[in-house]
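Peer 1: Based on these hints, arrange chains Y and Z on the given structure of chain V.
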Amino acid sequence: MVQNDTVSPRLTIRILIVDDSSLVRLYYRNILERAGFEVEQAINGIEAIERVQAQAFNLVVVDVNMPKMDGFSFLRALRRSAPSVATLPALVITTESSQHDLDDARSAGANFYLVKPVSEADLLRHAAILTGRQNERIA
Amino acid sequence: MPFVKREVSGPATEDGPRQEPLESTIAALRSLDAETRWSAARALGGRAKAVTALADALSKEQIPHVQEAIITALMRIGNEASVMALLPYLRSQDAGQRSAVIEALQALPGAVLPFMASLLGDPDSDVRILATELTRTLPEDDTTRLLCELLEREQHSNVCAAAVDVLAEVGTREALPTLRSCAERFAGTPFLPFAVSVAIARISGTES
Amino acid sequence: MAGLEAEQIRPTQLTQEEVRRVCEFLYRRTGMVFADSRRYYIDRRVAERIAATQSDSFRSYFSVLRSDANHEIEHLVNAFTINETYFNREEHQLRCMTSSLLDNIVGVRDRREAIRIWSIPCSTGEEPYSIAMWLMEHWSEVDSYNIEIVASDIDTRALKAGAQGIYSERALMRLSQNVISRYFEPLPDSRYQIHPGLIDSVQFTRANLIDSRDMARYRGFDIIFCRNVLIYFDDSSRRIAAENLYDCLRPGGYICLGHSETMSRISSLFRVCSFSEAIIYQRPEADHGAK
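Protein chains in written order, with the working numbering: chain V, 76 to 214; chain Y, 1225 to 1432; chain Z, 124 to 414.
Chain V on its own, in the form it takes in the complex (with noise of 0.2 Å):
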């Protein structure tokens, strides 16, 4: 579990996992909630959209490079969208393939990026970074 060093309460950090496969979805909801975040889950952009608006998340995780979905139009629109939901963190998931999507990844608005297969360490460091839990001290 996930232990928080300074005296505040310790916050409820919402992650909000979009990808089309679900079994890349219970990968990463294994990992985070292991860790202590608490997770929801969207199969593509539109849902994302209707999720982010309806609930607070402290960041989107979204895979670009899929077969039914397009992570960049998600993106635009949640850049589009009332100011408490558009400055939401977003992490990217890339293929290798499509590391020349990362100009794109950034002008439609991404905080980061990573490369499938994802490994936990990589995805625990840039939530921790992008949810503001850099400092704290995970278990």
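Because the hints were derived from the structure by calculation, they are not lab data.
Predicted model, so just to flag it, every value in this text is computed and none were measured.
Careful: at least some of the hints might be erroneous.
Taking CB as the label site, the calculated pair distances span [claimed, not checked]:
#1 Z:Tyr209 to V:Ala129: 19 to 25 Å
#2 Z:Ser267 to V:Val190: 52 to 58 Å
#3 Y:Arg1254 to V:Arg155: 45 to 51 Å
#4 Z:Gln136 to Y:Val1228: 52 to 58 Å
Now the stretches of chain Z that chain Y is said to cover, found in silico as 3 or more residues with beta-carbon under 8 Å [unchecked claim]:
#5 265-273
#6 332-345
Residues of chain V clear of chain Z, computed beta-carbon distances all greater than 12 Å [to be verified]:
#7 Thr87
#8 Arg100
#9 Asp176
#10 Val190
#11 Lys191
Even for Gly, the Cβ is constructed at its ideal location relative to N, Cα and C.
Peer 2: Below, chains Y and Z alone, put in the same frame as chain V:
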């Protein structure tokens, strides 16, 4: 109350679709006006003689919703020629186009089956990934056989991951040995061993 | 949960993995989510469907489900959901209509041109009447415009019931007492009769979403409510229905889908508009096809 009623025009039609003359509809596919092309594409759905014209139109069409209508029209024809017209777009740079074509091809499992072995062996790993998605709507024995053949030789971990994802949903017991050896080959890598263990559990738990 | 027993007769209990397969399939196909807490309930409903389809194993049932033979997906989903309609269902879309959509629609409109709203499928009429009542209760400009409400369904018995306008108390559960007393008359058998003025305000017609010839009679709509039907269509029918609906809309017109229908790839033809109340799809204004 501020509501008005107006008769919905035209008689209700119970008979079959009126067949517009093929030549003029095909000609309308080349119109400079997008809505004319849209209507023409829609009218050609299911008309096998229009495959070549539709394929040609798709190669030139820039407007997304007209592309969609052409893809739907080809899907409704659904024969080998229309599958061949759609397949090249699996390589499209346009995500929307790739998505539309996958959806159309997924609706044609019988017509697509003869092409699957070749697609799953395509030199481009992105095409192989999309091809695994196409196996989702095939009969489970075909899906299992095709994806096991892929997994036996596949080097690219993301392609394997895509295949394992489909097998978790559709795979039969026949896939278990191949899945186990895939996990061994990729032992120590981040995601694949986990994915294989879930697929094995999923298959074992449903195949008593 | 007990594992699957080897039985001569068809299985009555599902394994965890079987439940997971069904849940993941339904989620991918329809967008519906089933919490772990509903696991037992799901188990029972799927077992019922295995029996109903005379499948001799989970595996053969799952094949039936995947191929959607005889509309099995719809049968299974209906087994889970309490399949009743009621007034003011998905109220957030009605709110979006009066707080956002109508402003955009009337913005560039001649006052004499009617605003056209379509409810399809309308089932037994709760949706079109809800739209009418909502407009009267919540839209300040309701008396400044002519509004046309068309209600269509493939089921003529449902249409007949809608035109009669008699409803159970349960159907009114989301309505306030004020609204009920304004628009309904209680009947002796504890059902309610909707105001004849409302019945006169709605045009009921028979229409089939997949029949392009049928749908060609409907043009120039500003808002279409097409909720919770596209998810039951196979890919082929859904594409055709989406293209039909596109043709029925005015450029710039809106279409409202059911809340779990993000799976329907209708977004490829339409712009996604995310309002604070709801996500609504829009036929693009000019013919640029911009996404």
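Peer 1: Does each hint fit the structure? Answer for all of them.
Peer 2: So, going through the hints one by one against the coordinates:
no.	hint	in the structure
1	Z:Tyr209 to V:Ala129: 19 to 25 Å	holds (22 Å)
2	Z:Ser267 to V:Val190: 52 to 58 Å	holds (57 Å)
3	Y:Arg1254 to V:Arg155: 45 to 51 Å	violated (36 Å)
4	Z:Gln136 to Y:Val1228: 52 to 58 Å	holds (57 Å)
5	265-273	holds (count 8)
6	332-345	holds (count 7)
7	Thr87	holds (18 Å)
8	Arg100	violated (10 Å)
9	Asp176	holds (17 Å)
10	Val190	holds (25 Å)
11	Lys191	holds (20 Å)
Violated hints, in rising order: 3, 8; the structure is consistent with all others.
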